[in-house]
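Chain A is fixed; fit chain B onto it per the hints.
Protein chains: 2
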Amino acid sequence: MANVTKKVSWSSRDEGTGESTPLVNGAGKDTARYSRQFSNSSILRRLSTVDLDDQSNEDTETSHLKEIPHNEKLLSSKYESLDYDNSENQLFLEEERRMSSLEFRMLEISRWVVCALIGILTGLVACFIDIAVEQLAGVKYNVVKHSIDTFTEVGGLSISLILWAALNAAIVVVGSIAVAFFEPAAAGSGIPQIKCYLNGVKIPHVVRLKTLVIKVFGVLSSVAGGLAVGKEGPMIHSGAVIAAGISQGRSTSLKRDFKIFEYFRRDTEKRDFVSAGAAAGVSAAFGAPVGGVLFSLEEGASFWNQMLTWRIFFASMVSTFTLNFFLGIYHGKVGDLSNPGLINFGRFENEAMVYNVYEIPVFIFMGVMGGVLGAIFNTLNYWLTIFRIRYIHRPCLQVMEAVLVAVVTATVSFAMIYFSNDCQPLGEDQAEYPLQLFCSDGEYNSMATAFFNTPEKSVRSLFHDPPGSFDPQTLGLFTLSYFLLAFWTYGLAVSAGLFIPSLLIGAAWGRLFGIFLAKMSNGSIWADPGKYALIGAAAQLGGIVRMTLSLTVIMVEATGNVTYGLPIMLVLMTAKIIGDYFVEGLYDIHIKLQSVPFLHWEAPATSHALTAREVMSSPVTCFSRLEKVGNIVDVLSNAAMNNNGFPVVSEFSASDEPGRLYGLILRSQLIVLLKHKVFVERAHSSLIQRKLQMKDFRDAYPRFPPIQSIHVSQDERECMMDLSEFMNPTPYTVPQETSLPRVFKLFRALGLRHLVVVDEENRVVGLVTRKDLARYHLGKHGLEEMQISQT
Amino acid sequence: MANVTKKVSWSSRDEGTGESTPLVNGAGKDTARYSRQFSNSSILRRLSTVDLDDQSNEDTETSHLKEIPHNEKLLSSKYESLDYDNSENQLFLEEERRMSSLEFRMLEISRWVVCALIGILTGLVACFIDIAVEQLAGVKYNVVKHSIDTFTEVGGLSISLILWAALNAAIVVVGSIAVAFFEPAAAGSGIPQIKCYLNGVKIPHVVRLKTLVIKVFGVLSSVAGGLAVGKEGPMIHSGAVIAAGISQGRSTSLKRDFKIFEYFRRDTEKRDFVSAGAAAGVSAAFGAPVGGVLFSLEEGASFWNQMLTWRIFFASMVSTFTLNFFLGIYHGKVGDLSNPGLINFGRFENEAMVYNVYEIPVFIFMGVMGGVLGAIFNTLNYWLTIFRIRYIHRPCLQVMEAVLVAVVTATVSFAMIYFSNDCQPLGEDQAEYPLQLFCSDGEYNSMATAFFNTPEKSVRSLFHDPPGSFDPQTLGLFTLSYFLLAFWTYGLAVSAGLFIPSLLIGAAWGRLFGIFLAKMSNGSIWADPGKYALIGAAAQLGGIVRMTLSLTVIMVEATGNVTYGLPIMLVLMTAKIIGDYFVEGLYDIHIKLQSVPFLHWEAPATSHALTAREVMSSPVTCFSRLEKVGNIVDVLSNAAMNNNGFPVVSEFSASDEPGRLYGLILRSQLIVLLKHKVFVERAHSSLIQRKLQMKDFRDAYPRFPPIQSIHVSQDERECMMDLSEFMNPTPYTVPQETSLPRVFKLFRALGLRHLVVVDEENRVVGLVTRKDLARYHLGKHGLEEMQISQT
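Taken in sequence, the protein lines are chains A and B. Under the UniProt record's numbering, read the first sequence as residues 1 to 791, first letter to last. Under the UniProt record's numbering, read the second sequence as residues 1 to 791, first letter to last.
No lab work stands behind these hints: they were computed from the structure. Any given hint could be a false lead.
Here are the simulated lysine to aspartate or glutamate pairs, DMTMM-like style, with alpha carbons at most 20 Å apart [what the hints assert, rightly or not]:
no., chain 1, residue 1, chain 2, residue 2
1, B, K73, B, E584
2, A, K780, B, E584
3, B, K333, A, E359
Sample of chain A residues with no beta-carbon within 10 Å of chain B, all distances over it, derived [claimed, not checked]:
no., residue
4, M99
5, L117
6, R266
7, P289
8, E614
9, K675
10, Q693
11, M786
Model, not experiment: these values are computed from the prediction. By construction, the Cβ of each residue, glycine as well, lies at the ideal position given by its N, Cα and C atoms.
So here's chain A without its partners, still in its complex pose (with noise of 0.2 Å):
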């Protein structure tokens, strides 16, 4: 079972080199065993080092090992950390200084104008992306409408089947070979990796163009291919894409560079614009602006600012507006701004849709059932992965099992309109794509309705469809079936979104519980089925994904009634209650799967009995001010003591003394240090020193070379390297004895990478880094403590 050679889903490569990263699979549940299989490679002596601070990547010796931990009791040392924190060295402050108001000035509209460039981007790729999937969806439908049409009279319906299956295959596999040979880091909905970037964590490879690329070429295939998915998450993470690349002002992967926004080159700016991508994206996929806002808030706010959030804002409704204008231009309505997103569940407006007091109980025990089912779905998601990461690991067997969901997809539903008898009369109010089959003239098959439009039609007619439109029995049958598939489908290598498959099986049995009520009512008051099909949606997408403020704020503006706040908000919060007693979210799962060092909102509540000081990593690797060149490029070659801080102190002694704290280095900053050669020779009395600029700090920003690709000669290992310009001469510290809550606050409110803990007399006694963080958390025997493996 180990030491098999495998990708992981989305994060084979490394963001800073390129390189492969050597991936251990732990498979087991506890660390013993897991160091007992690798006792005789490096393995374990690294897992003892559980002092490091986010390591990076320029280890290749263990390469051999191609595997995951998914052991959710894991943290893997293998993501680096975002640096939400300036380093406010001396070239950056006089930068700064020197800077004029009218300069600030002009930073501020510059920021705003790449709002506007986000948000346009963002709605035009979600235009493209709503476009192509309607007219594949239309392609598809006729070709396989004209086989039925001429089969059905031959009786041979198989080969229809056959033709639907191989059509819907062949779709599916040219996006699952893009995902899983060219960019793993484009499967699935993106939106747990977009989670981990808001938070700080460095996913690699997930702003990427190619990524971006094959994300949107991937929705494509999978939409059009019949999968079980939707198009919305994938739109939140086009949109954290774009708004990368934009704000750079260049592309690293096609070697362009603008020239533009150089200011922008920093983790800070970055990430405030990916907040601001990530809510256009949203703001496109739903129509939901504020909505987005929220996300991007509940997911990243260890930065809220007035400013930022109206540019955020700004950019989802600029997003928004796009979408919403050239939709109107396609669908030949210049001017018209009715779609506002790529979703839109129509508007609940008449008499029969609105609430009344008494119904409050019943969506509330809705919102348990969504609770239930959610936490179903996650667990048996749960498994399918740990599953999947043992042995469905190497490409061909991913895209063979995407093709495989393809089939048994188009299948499980050809055999349910087959079967179903469901026959609807031809409304004025057409279906779309009415497919008569075994119906009588005059009437259609809304089993078929169901399985041929796109998921974002099927939603909206369950909610809008008047009462009787749907056959109690489909809906059951579909429910089981759509709820079998969505749970296989998620985690494929395709790109492919939850919420829509989440959306339409709560839709399917908040319907058929409306059916029923109304039944037993005797369709006296409970007058709307849709009305519970719009709660039973919202229920089941808040059991599985557990997100609250956003996800309420996005069904509101989806819905573009208010005063369904109350009901939905309740749903959500009762679906999550309920769901969080058994499973956790599924974006969470699929994070602690993947042992990233994910910081929550608070310190774990029990947790005050810890300290600074046995949180810390220690000892630290320190550097005096004027520190020699052969000692730094040793450090920074050192793969067992990859950190990416280094604290300068007064005097790097052998003595066991620490020294008194001076500043804070990046191994960023000295690469780049150590590429310009910028040394002071031992012999000169005279100090010259190559004068850097903060530009050939943004030139190299974000790909660092790797230490071993810059070559330092023996006389030039001799020198020595002034690092007091450089470094942070403010880091943040707190002493040892500080409560680990404190520290937390600290560490995420101004999110932090590196913080320097300190003795009485200002001396360097350790360092927190995320990971010391991270792996504390309430489990049900207390507070547990995870593991740090290497991978």
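Chain B in isolation, oriented as in the chain A frame:
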């Protein structure tokens, strides 16, 4: 001009003690002149002590100087800060460590219960206000209508006028007396005060029960008295007071302690609940729960946290639901949920209301108009406020002004009705209070309708009445007169909101603009002036208050139409940009006139040249861990040195060498220690100290007794006090070289009250407090520094 005794409108007494605080009127523009005036008083000495921490309230020696500084270049040191940072001393940590995870869960549940209670009570208060205003307006209408009907025949219309004016004046005088004489903190909308509170400034009396009672009755009187005011702003204040009261589980005013929610008796928790209360208030006022959440976050989100936000949202939802439910019962439609807020813009749904892309430039132009008109409004009100501060500061004068405004308002209304000949046929959807007046039978006077309705209803008619309902001339006159009345009214000693008058002015000129456009284009495309009324209302409100994200969401929620999001946002943004070019927002003007040390989101962009060394107060009064009681009493009693936080250092020597930082202790903690005589007798070798509990500190919160009320005998003065158990051993620190923006960020992000500045050996060299940061701002000529006044 100087030395005149008076009360301040919203800050005459101090929260801490209830004693009168001396207030000094700067009146002039420069501090030099300011100092000259009082050169023989004790003020000058104290003006020079710029190194003061937030001063507390024990100074009585200058209480004969009762004026306020209205100079916006001054910061008053009389405001205390809230401490959002927990003092994690041994007592606190021991308590936290004793608590099991079940107890933490129970705490979390009780937070939810408190939020539910806040929502319910806020909704009930809103409901009470709504019903009471409606009843009073009905009574008044009947009386006046009867008189007009009677006297029109006999030609004695002046009698009607006098009756009307007298009635209004009588109603207004009651509220005004209550506000001016009993609780000046209840004046105005309360939004500036709540902004300050959420920002972390303790405004005296703002969250007291008495303030709530007077506020509620004050609003009834001013709205029913026909003033140009709304009842929405006061709802936000009311919600905040309710939250502050409930969350503490006791009322200090009523001297009732319910012994519940004791854990919440500290600034951190209280401020969280107050933000929930403010959100609940917005929610009840506008039926805008999401807008409420965003309002709270915009104003005070140094503390964004997912669970907290979700609770705030819950309180908002419950509040609008409660209001809705009870108004439904009141209107005889149990279970009907169509009254989500005090004001309801009505639904913008019909075809004519849909805006088109090419209308957007027009909307932006309206935004410009709104910005300009808003700036004019604010400037006029600024001058008026200066005038009021100088000449109208006695309560009896304030009441007289309020009566005058009431009479003038009635007269103007009457005159306009009299000279207006805008008669409209009594249509099918009849106005609620039609006045025939000088119109022919079967018609009603539309001007009279506009003045006799509650302003909320007038806004709605401007938005929704069919084209032609209002005559352009009427609208023009109405705009002008209401504009003048509204700017005169804001700042009177009555409880009154600004939202509705602003909306009304904007809706009037917006509708006028719409009619004008319709005429220009021959009524072809510009079908509905109501749409323009909405945009005009947004523009005017935005131009006056300059709120951004939250206001957009509030407007969208109040219209119930999501598609209006983009134009409303564009309009608000334009109005803000244009308005900010001329003058600040009205709330900010009033905050500045009160010299409140308000912290904005970020330090001024060009302030990187400043470091903690320049910003901090120095030297700092420190204590040693074992400190003489006499020393402590002397320091606390010294009015010239009334800091609120004292670093605890290694040794307190007379030498210049600063001590090493061991902790931070607050004035309030020392007061409690002194009160409980937690002394160690020097003679005894064994240190026996009375054991204090967290409860002792909580019981004293928030009204800690002044040092003068604590008697310490001469013997006791010779005792020692061991501070180590009570001090916060891990205060946040920064090195001296830290740049101002970095200090600011730390301070703001964590909601600090004191930040200790240390040198490289961790010795205390200074202390940064709110005032040290708030005094830097970006003026016309670069970075400017405000003076700190003693009052």
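Do the hints match the structure? See the list:
no.	hint	result
1	B/K73 with B/E584	14 Å, holds
2	A/K780 with B/E584	54 Å, violated
3	B/K333 with A/E359	16 Å, holds
4	M99	7 Å, violated
5	L117	17 Å, holds
6	R266	15 Å, holds
7	P289	6 Å, violated
8	E614	13 Å, holds
9	K675	27 Å, holds
10	Q693	17 Å, holds
11	M786	18 Å, holds
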